[in-house]
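*Asks:* Protein chains in written order, with my numbering: chain A, 904 to 1368; chain B, 750 to 866; chain C, 3 to 151.
If you're looking for bench data, these hints aren't it; they were derived computationally from the structure.
Here the structure is a predicted model, which is why all the values come from computation and not from measurement.
Some clues are possibly wrong.
Stated by the list, open to error - So the derived list for chain A, only partly shown, Cβ under 7 Å to chain B, looks like this: (1) I1019; (2) V1030; (3) P1213.
Just so it is clear, CB atoms sit at the ideal spot from N, CA and C, and this is done for glycine as well.
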Amino acid sequence: MTPVIALSLFGIINLFLGFTFKRQSLQVVTLLFIICSMALTAMDWNHEYLWFGDMMKTNNLSINFSLIIQLAGLLVVAFSNGFGKDEVYTQPAEYYAILLFSLVGALLMVSFQNLIMLFVGLEILSVAMYVLTGSDKRNLRSNEAALKYFLMGSFATGFLLFGIALVYGSTRSLYISGILYNLSHTAPESLPSFLYAGIILMGIGLLFKISAAPFHFWTPDVYEGAPTIFTMFMSTVVKTAGFAAIYHILDVTFGGFQKNWIITVYFITIITLILGNISAAYQQSAKRMLAFSSISHAGYMLLTVCANQPSTSSNILYYSLAYTLATAVSFAVLMVVAEYQTGRTEKPENFDALNGLAKNNPSLAFAFTVALLSLAGIPLTAGFWGKFFVFTDMFNKNLTYPIIIAVLMSAVGIYYYFKGIISVYFNSGEIEKIETSFLFKIALWSACIGTLVLGIYPTLLKSIF
Amino acid sequence: METKTDRFMQSIPEIIRTIPLTHYILLSSALFAIGVLGVLTRRNALIVFMAIELMLNAVNLLLAAFSSYFSDPAGQIFVFFIMAVAAAEVAVGLAIIVMIYRNIQTIDIGLLNKLRN
Amino acid sequence: MIESFGYVLAFLVAGTGFMALVLTLARFIRPNRPNDEKLSTYESGEAPVGNANVRFNPRFYLYALLFVLFEIELILLFPWAVVFGDKQLAAASENWKHFALFEMLIFIGILGLGLAYAWVKGYLEWEKPNIQAEDFKSPVPPKAYEKFN
């Protein structure tokens, strides 16, 4: 409860601090704010309670999700570097404030007990992201990405709302507990048939947000057009919060109706895996490749939602954490390299722009490699264990064919992630030493070390989750 | 104490209930489908935007109908929330459309294809 | 069920028929002497200038935005007012009124902060167009114009 209030207040404070503070100090202040709210989140550990008129619920699962989301926010703020040096067009105080506000939305999405709060949280998160996507006002690509994201996002919200309305109509409650109670006290035959349409529509609305195929078509364009720092935020925070909500809706609330949605979600999962991985292999632009890779990772995480085992929530947590750390690092390295290459090469976000990074920037190259290895799921990195736990879940449920597809697709994944590693280490190119700030270095190294530690001792966090 | 207006207000749910629930569901599904079609077929960003609003209002209608059928205010409160959030979306969406218009002097979404290649 | 729509049809037919009848009747008995003044859009004497399809200055956008914000805030005040005015709830607890009022003040306070932010940022200032002095140097001295004006 406290972190939500605290983050909203911090956001407002941040808006007003922008009048007096410089961008470097704003960054530090924002970092302190997020650390403070992480501490407030952690203080609720092992205290399960309802708040805001029973509309929200804090338990260890929601605390874990909140911590991962805030960690992602922390990394993004640390990598942000005051959003470049353009004094006229960037407004760091507003960007930081909007980041904090969207974190509030994400926190609501992981701890909702009432469908109203799911909707409100989702919208707080999305509306903030529409603004940030279009924040590069003079750049036509950013404009286009913002419009696409906005139109597709509100379209998806429409589906989610129609689903909520139908579920409300058939269960007579907006509270998760009320829905569960009414579902368990009504004979399945007497439930109206539009309940099932409602469940599917809600699922579609949420799957749009986490960019599962065939609702993924906006993702590559939006990820590519948005400023890289906000792409990083989008692919980590929005995805984690979206999965928390999907898990809560499909598995916790409508787990009893699994036979009604499972076929659809299976179909979506398999299409997501195939489309995401195959398209990623064709990309010339590293940023676009990472966008497709985020689609394919949504596929892996959906597999564990399909399995719906007791360990599903902890698997989603582990996968989200591994994915968050690796994606943040890879986008961060891509961002500084693209910044350096702007004006020097035609397409600063292509793989070619990374050529020869290792020669003068060994630390950036190493971090990038660790991140890509983790995304590819190579052992000794966190990504491997994330995939391993997901596959174990599937195996326990005797879902052999999806596992075969998933394993094949991770083999395809290895191909395109290694494309990045090859251009960093083996291709020749001229990149001078890139100067990065102190906070950037700390964030980069801690995320890297986190990936490796989680890869070597997966039980370290698995026991908490 | 109870005035005529009060009695009228209290009879509104009954008036709403004289039309079967199925009709409300069909009507708002039809409105929703029109909205979806509008989003998928129109090329002008503003019209797409209006189609999305139509989808949201179909949901509002459905929620209000359910709410008075069940005599449960939660659905109507949800409608308030949807309205408020839709207004916030409108503000941001119009800002994005104005920004695009300033740059390319059109709001035809078919012309936005810089990112495709 | 469907036959009750017969009334609607009857109304439609009756309404259209009545309008047609009245308008035709009026056409026969009224004098018909149009002139320019009568045919103008505003008979009050306001002369319409230009096309109705003018573009509004985007400067209005911010004001419209702030208006929408406070208008929507009003919607959320309605359910609050219902609960706030409930006599049973007020009787049940002594502090109820203060608590509810305080909550609403927080809600409005946050919106007020937003307005204050826009104010301090200078978004409420009406941007006057910057009229540039013409660099055209007329050979006719300005004094010469004063004779005629």
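*Asks:* For every hint, state whether the structure bears it out.
*Replies:* Each hint tested on the structure:
1. For A:I1019, the shortest C-beta to C-beta distance to chain B is roughly 5 Å, which falls under 7 Å, so the interface hint holds.
2. For the restraint placing A:V1030 at the interface with chain B, the shortest Cβ-Cβ distance is roughly 5 Å, inside the 7 Å limit, so the hint holds.
3. For the restraint placing A:P1213 at the interface with chain B, the shortest Cβ-Cβ distance is roughly 31 Å, beyond the 7 Å limit, so the hint is violated.
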